[in-house]
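Participant: Same order as they appear, the protein sequences are chains A and B.
Residue numbering for the first sequence follows the numbering used here, beginning at 1 and increasing consecutively.
Residue numbering for the second sequence follows the numbering used here, beginning at 1001 and increasing consecutively.
Think of the hints as simulated: they come from the structure by calculation, not from any bench.
Remember, predicted model here, so these are calculated numbers, not experimental data.
We treat Cβ as the ideally placed atom computed from N, Cα and C, and that holds for glycine.
You may find that some hints are simply not true.
Below, simulated DSS-like cross-link-like pairs (lysine-lysine); rule was C-alpha separation at most 25 Å, straight line [what the hints assert, rightly or not]:
id	chain 1	residue 1	chain 2	residue 2
1	A	8	B	1123
2	B	1112	A	4
3	B	1115	A	4
4	B	1112	A	408
Now the in silico label distances, taken between C-beta atoms and shown as ranges [as the list claims (entries may be wrong)]:
id	chain 1	residue 1	chain 2	residue 2	range
5	A	410	B	1023	19 to 25 Å
6	B	1097	A	23	17 to 23 Å
7	A	410	B	1117	29 to 35 Å
8	A	310	B	1137	30 to 36 Å
9	B	1132	A	8	20 to 26 Å
10	B	1118	A	286	52 to 58 Å
11	B	1201	A	26	56 to 62 Å
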Amino acid sequence: MNIKESIKISITALRANKSRSFLTVLGIVIGVGAVIVMMSLGGGAQNLILGQIASLGSNSIYIEPGSFDPKGGFGMDMAVEEMTIKTLKLKDVEAIKKDPLVDMVYPMAYGVARAVYRSEDEKVTFLGITPDAYIMDDWHAAIGREISDDDVKGTARVTTLGYKITKDLFGEEDPIGKTIRIKKTNFKVIGVMEERGTEMFQNYDEYAYVPITTAQKLLLGIDHLNAITVHAINEDAINPLMENIRLILRANHNIYNPEGDLSKDDFKIMSQVEATDMVSQITGILTAFLSSIAAIALIVGGIGIMNIMLVSVTERTREIGLRKAVGARNKDILNQFLIEAITLTVLGGVIGFIGGAVISFAASLGLSQVLNTDWAFVLPFGAVVLAFGVAVIVGLVFGIYPARKAAKLNPIEALRHE
Amino acid sequence: MLEVRNLKKEYRDDSVVTTALNGVSFLMEKGDFVAIIGPSGSGKSTLMHIMGFLDRPSSGVYKFEGQKMDDLTDDELAYIRNEKMGFVFQFFNLLPRTNVFNNVGLPLTYTKISKHEKEQRIKKAIDSVGLSHRINHMPNQLSGGEQQRVAIARAIVNHPSVIFADEPTGNLDSKSGQQVMEILQSLNDEGHTIILVTHEQYTSEMAKRVIKLKDGQIVSDEKIDSRRIAKDGLVK
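Using the sequences and the hints given, assemble the complete structure.
Facilitator: Dropping the structure here:
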C-alpha cells in the first residue's frame, strides 16, 4: 500500500466529517498562524531597526554616559545612569576631534518642551547639535539654511524644524524668519528639514534642531552631553579609535584605569557593529519568546488531533478489522492512521500559514501607516520550514498513539464491533 | 490442501476458561465445498477464523497449502490472506461512502500489481456477480442481496484459492440468499475451494460435504450425495 493511496483514503475519511475535521485542525491553524505572525513581525521589526542602524553608517561609534555592565543589564539602571552621570562634556568632543582617525564628531543634548507660535502650542523634542549632525545623519534642510558653526559658537537662538512640527505650528504659513518660543526663549526658524518619518521609534519630523551650546545653556541649563556620535575615517579605524577614545576620556575624566577594566569607566562606547548585534539579539529573544507562547496553541491543537483520531479509530473499528482480513498488515494500518493525522495537521499548517502570512502582511501595511515608516513585510524562510515541520511533527507525535491502537486491534474483535 | 489436526482453542477471561474448540481434525481437498454447521456456541466461527488465518489456535496443528500456521509471522499471515483467501461476512462489511468499484478493489490496495491490472480484475469480479450496472453506486444505495454480492466480488478479486463465507445468507431474504448461494456454487464449479459456515440445514445441503460441530467437537462429517443446486430455485 503506497503513500498516495493512504493520503487518498485519509482525505476521503476527513471529508466524510467536514465540520469535525475543520474544528479539529483549528488549533493547529491558530498555532501555526500565530508562530508565522510572530516570526514575520519579529523579522520585520529587526530588519527595520537594523536597516536604520546601518543607514547611520557602518563607521559610527556611540558614546554614552554610564559604566559598562559585564552582565549586560538594560532598562532602568541604564536609563538612570544616563541621566545622573554628567561627565561627558564638550571639551571631550574637542579632544576626540583631534584624533587623526576621526572623520566627524556630533555631540548631542536633548529634551522635551512646548513650542509656541501665536496661538499654536505643540510638544517638541529639541536636539542640541553641531553642523556635522546634518552630514552624519544625511538629513538636511529642505528650505532655508542649516545651523552653522558660527551659530554654535555664538549660542545663537536659531532652529531648524522637522516637517510635522512645522505643519502643526505654521500650517500653510511660510515659517522661515518667524519666531517661535521654546521654554520662554525666542528662536528664529532658519530652516525646515526634509520629511523623514519614524526611525528607531523616534519621529524625526517632530524634532527641532538647535545649536548644542544653546540647548545646554538656554534650554537645559547644563554643561554635559547626553551622547556623542563619532564617525571614524574608515572601517578599519573603528577598533583602534574606540580604544583611543577610551584613553582620551579616561584622561579627561581623571579615571585611573591602566588595566582597561570597562566597569571602572563612566562612559560606554559601542560601535555600529556591536549595536547591530545587540538589536539582533534582543529582537531574536523577543521573537523566540512570543513564538514559544504561540507554540502552546500547537500543543493544544495536537491534543485535539489525538482526541479526534482516537474517536476515528473507535468509529472505524470494523473497517480496520476488514482491512486486516483482506490482507492489511499492522504496518499498513499504522501508516494509514498516521498519514491521516499528518494530513490533518499539514492541512491546518497550510491554512495557518496562509492566514498568518495574510495577517502579517496586513499588519506590516498598518504599521507602516501608523509609525510613518517603511516597515517591510518579511516571511522568513525559517518560518515556512518551521510551520510545515511543526505540522508534520505534531501529526506524528499525536497521531502515533491512536495509530498504534488501531494497528494492534484484533481483526476478529474488530469485525464483530458494533 | 487444508489440514486440521487436533485443533484446540480456549478463551481466558480472568480465571474463567471457555473452550471453543476441543480437538478438531479433518482434511480438505482443493476444489471442495464444505459446510460447517452447528448451533451457536458450537465453535464453527472460531474454526473458520483459525482456518482463515484471522486467529491462532491454543494448540494443535493447522496447515494451509503445506504451510504450518505456527511457522508464519503475522505479516506473512496477512500476505497469505491477501493472496490466497477471500472472505464473505454475514453483515457484508462494505466500506460506507465508498463506491462498489473501490469496495471490490479493497484487497488490491495491499497487492503490488499495476493500476491497469487492478482495474481489469475489479471489473471482472463485479461482472461475475452481475453488478456491472451498479459499479459507481454507494453501498447504501444497494439492497442487502446486492451488497452481499459486492462482498463476494471483493472476496474473489484477488483470485483466492479458498473462499470463506461466514453465514453469508444469514442476513438476507430467501431469494437474495439463494442468489448468493448460486454464485458460491458457480465459483466452486470454477475451481474455488469454499468453506461455508452456516446454522441453516437447508443452506448446508448446497455444499458437497457437511461437518457438524457441537460444543467444539465434530459430531458428524459426511459427503452430500445429492446436493441442492441453488439455480434450480427455492424449495424452502
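Participant: Report the numbers of all earlier hints that the structure fails to satisfy, in ascending order.
Facilitator: No hint contradicted; all consistent.
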